[in-house]
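Given the coordinates of chain A, assemble chain H onto it according to the supplied hints.
These protein sequence lines map, in sequence, to chains A and H.
Residue numbers for the first sequence follow the working numbering, so the first one is 1 and each next one is one higher.
Residue numbers for the second sequence follow the working numbering, so the first one is 1 and each next one is one higher.
I should point out that these hints are in silico values taken from the structure, not numbers from a laboratory.
Hints may contain errors.
Straight-line Cα separation of at most 20 Å, PhoX-like style, residue types lysine-lysine; simulated pairs [unchecked claim]: (1) Lys42/A to Lys242/A; (2) Lys106/H to Lys269/A; (3) Lys109/A to Lys11/H; (4) Lys269/A to Lys107/H; (5) Lys227/A to Lys141/A; (6) Lys237/A to Lys227/A; (7) Lys105/A to Lys11/H.
Now the stretches of chain H that chain A is said to cover, found in silico as 3 or more residues with beta-carbon under 8 Å [as the list claims (entries may be wrong)]: (8) 16-30; (9) 215-222; (10) 265-271; (11) 277-289.
Quick reminder that beta carbons are idealized off the backbone N, C-alpha and C, glycines included.
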Amino acid sequence: MKQIFKRISWVQILIWLFLLIVLLFTITPLVFMITSSFMTSKQIIRMPFSWIPETFHYQNYIKALQGNDGAWIFPRNILNSLIVSLTVATTTILIASITGYGIAKFNFKGRNVIFMLIMATMMIPFEAIMIPLYMVATGLKLQDSYAGLIVPFLVSAFGVFQMRQYLTTFPSEYLDAARVDGMGELSIFWRIVFPNCTPVIATLGILSFRGQWDNLLWPLLVTQSEKMKTIPLYISKFAEEKMTDEGAMMAVAVIASLPMFILFGALSKYFIGGSTLYDSRKG
Amino acid sequence: MKRKYIGIERKQARWGFAFTVPAITFFTVFSFYPIFNAMFTSLFDKRVLSLAPPKFMGLGNYAYIFSSPDFWNSIRATFVFTLGTFIPIVIMSLMLATFLTTLRSKKARGFFQIAYYTPAVISSVVAAAIWLLIFDPRGLGNQWVNMILNSPGVDRKWLADKTMVQVSTMIVYFWKYIGYFVILFITGLFAIPPTIYEAATIDGSSQWQSFWRITMPLLKPTIVLVSIMAMLQCLKTFSTQYLFIQGGAPRAPINVITLNIYTTGIRNQRIGRASAMSIVLFLIMLVLTWLQFRLSKSEDVEY
Chain A
1 MKQIFKRISW VQILIWLFLL IVLLFTITPL VFMITSSFMT SKQIIRMPFS WIPETFHYQN
61 YIKALQGNDG AWIFPRNILN SLIVSLTVAT TTILIASITG YGIAKFNFKG RNVIFMLIMA
121 TMMIPFEAIM IPLYMVATGL KLQDSYAGLI VPFLVSAFGV FQMRQYLTTF PSEYLDAARV
181 DGMGELSIFW RIVFPNCTPV IATLGILSFR GQWDNLLWPL LVTQSEKMKT IPLYISKFAE
241 EKMTDEGAMM AVAVIASLPM FILFGALSKY FIGGSTLYDS RKG
Chain H
1 MKRKYIGIER KQARWGFAFT VPAITFFTVF SFYPIFNAMF TSLFDKRVLS LAPPKFMGLG
61 NYAYIFSSPD FWNSIRATFV FTLGTFIPIV IMSLMLATFL TTLRSKKARG FFQIAYYTPA
121 VISSVVAAAI WLLIFDPRGL GNQWVNMILN SPGVDRKWLA DKTMVQVSTM IVYFWKYIGY
181 FVILFITGLF AIPPTIYEAA TIDGSSQWQS FWRITMPLLK PTIVLVSIMA MLQCLKTFST
241 QYLFIQGGAP RAPINVITLN IYTTGIRNQR IGRASAMSIV LFLIMLVLTW LQFRLSKSED
301 VEY
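Next up, chain A with everything else stripped away, as it sits in the complex:
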């Protein structure tokens, strides 16, 4: 008995050691981002690196918001990202839930074909259709506008799939009872079905918000003016400019990550739940 205990604890120690080394690897870059956002660039590139800021160099944040040219365009870019991500999250939730409901709970001709076709779009990677989409957007005169940024992401096939899977198990008796009471189909959806989808709504909302918050490729194609750009574009521009100092760069990174960290802190359960799912339309 004693021997078994000893052997297990040795294995345990090795496992813990391994887990902790990986932990160090995943966490230090994030800690680096936060501490160096309060350092002067001189301190950041000093060897060896000291993890505690010597002075509280908050000026980095002013520089981050102001930009190298002093145009204060970053706040506007943050606003753009918020508008786009929130709109996409809302429309994805609404359209995915009503479509999923239609497919899950109604028996109409072509239902399976429609579902298969929607699922088939998951096989089309955004990267392969971005050029024609760009032509569509220019054809509709949507370039450099919020509509242009939002429209290609109004709903995702993955969202429809999730909602449909979830609603298949929704008891039809409730729906029938409401019908007997004379409730219209739209209000049945809005007042009975939709409020009961909260777990999927949360997961989908986070996933699509994050997809747009992270989207670099499409805004890169569709926006031209500085004031229509989103956060990822600002970061890439900031990283490329010669006079950018490292501290300000990390301050930009912290500001850009803040909403995600807050969401993650509050709703990590849905993040992790959502991560077992696969979204092809991330951009």
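The following block gives chain H in isolation, referenced to the frame of chain A:
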């Protein structure tokens, strides 16, 4: 009575169809039309600013890209990146997930899971920006490696050397997605009922044996699916490479297909040629997705 019932059913069916109309319209315009348009355009010599109507050239664009060293380089860069990223990610995340399931404390397991997952929360552009600084010649990357290898003062040229810059992009991706795949595997591992292990332990199987004889075979479908998912994810990589090039890294070693499509189509305005590249990327991913669907159907394990 019976007739009226059918009437209600029909009326309801109409509602059901109506509910799907917005989504159908959306996917027709923003998924199906673009992909057919890409196939069509790939047969023409189309440029954005040219006023002349695009000239039909059959498979000319495909002939061009497949004889262009630049495109082959992109294929190479994409596959090197994909293989170099997804294999370590799958192996490491499977190991970590297995180790995490052996932890007795639920709290510790939850903590590690969240800590590993945190890099996935920040956006890929931010991730690339952080690592650009770490890979600076005077940055943490050199300091860490030199500390581990005890070789003070050596510059690993993370962003300058053509092999190292590929490794650097892989590290960024690995760092960002490891936690995500750990969670996928943990879900798979917990789906295996503990009674199987109990039975094996009673029969005298060691933990090591249990892992290779029970966990691995039962987890095989999950491993295959997760691998394909990881590959699909890696084939589409764009942000990391784009930011690294903006940050001053050499283009050629990390000029992945998506980046090449962007440069050809948007910067050089060769829409036809870029469409042909898009179709090639689409076909590669289609084969993988088809495999994924097939395997997920045939390899469903019943416990």
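Structure-based check of each hint:
1. Lys42/A to Lys242/A: holds (16 Å)
2. Lys106/H to Lys269/A: Between lysine 106/H and lysine 269/A the Cα gap is close to 15 Å, so the pair holds against 20 Å.
3. Lys109/A to Lys11/H: Satisfied, since the Cα-Cα distance of roughly 12 Å is no more than 20 Å.
4. Lys269/A to Lys107/H: holds (14 Å)
5. Lys227/A to Lys141/A: holds (17 Å)
6. Lys237/A to Lys227/A: holds (13 Å)
7. Lys105/A to Lys11/H: Since the Cα atoms of lysine 105/A and lysine 11/H sit roughly 13 Å apart, the hinted pair holds (cutoff 20 Å).
8. 16-30: holds (count 12)
9. 215-222: violated (count 0)
10. 265-271: The restraint on the segment 265-271 of chain H holds, since 3 of its residues have a Cβ under 8 Å from chain A and three suffice.
11. 277-289: holds (count 7)
Checked against the numbered hints listed earlier, the structure breaks hint 9 alone; every other hint is satisfied.
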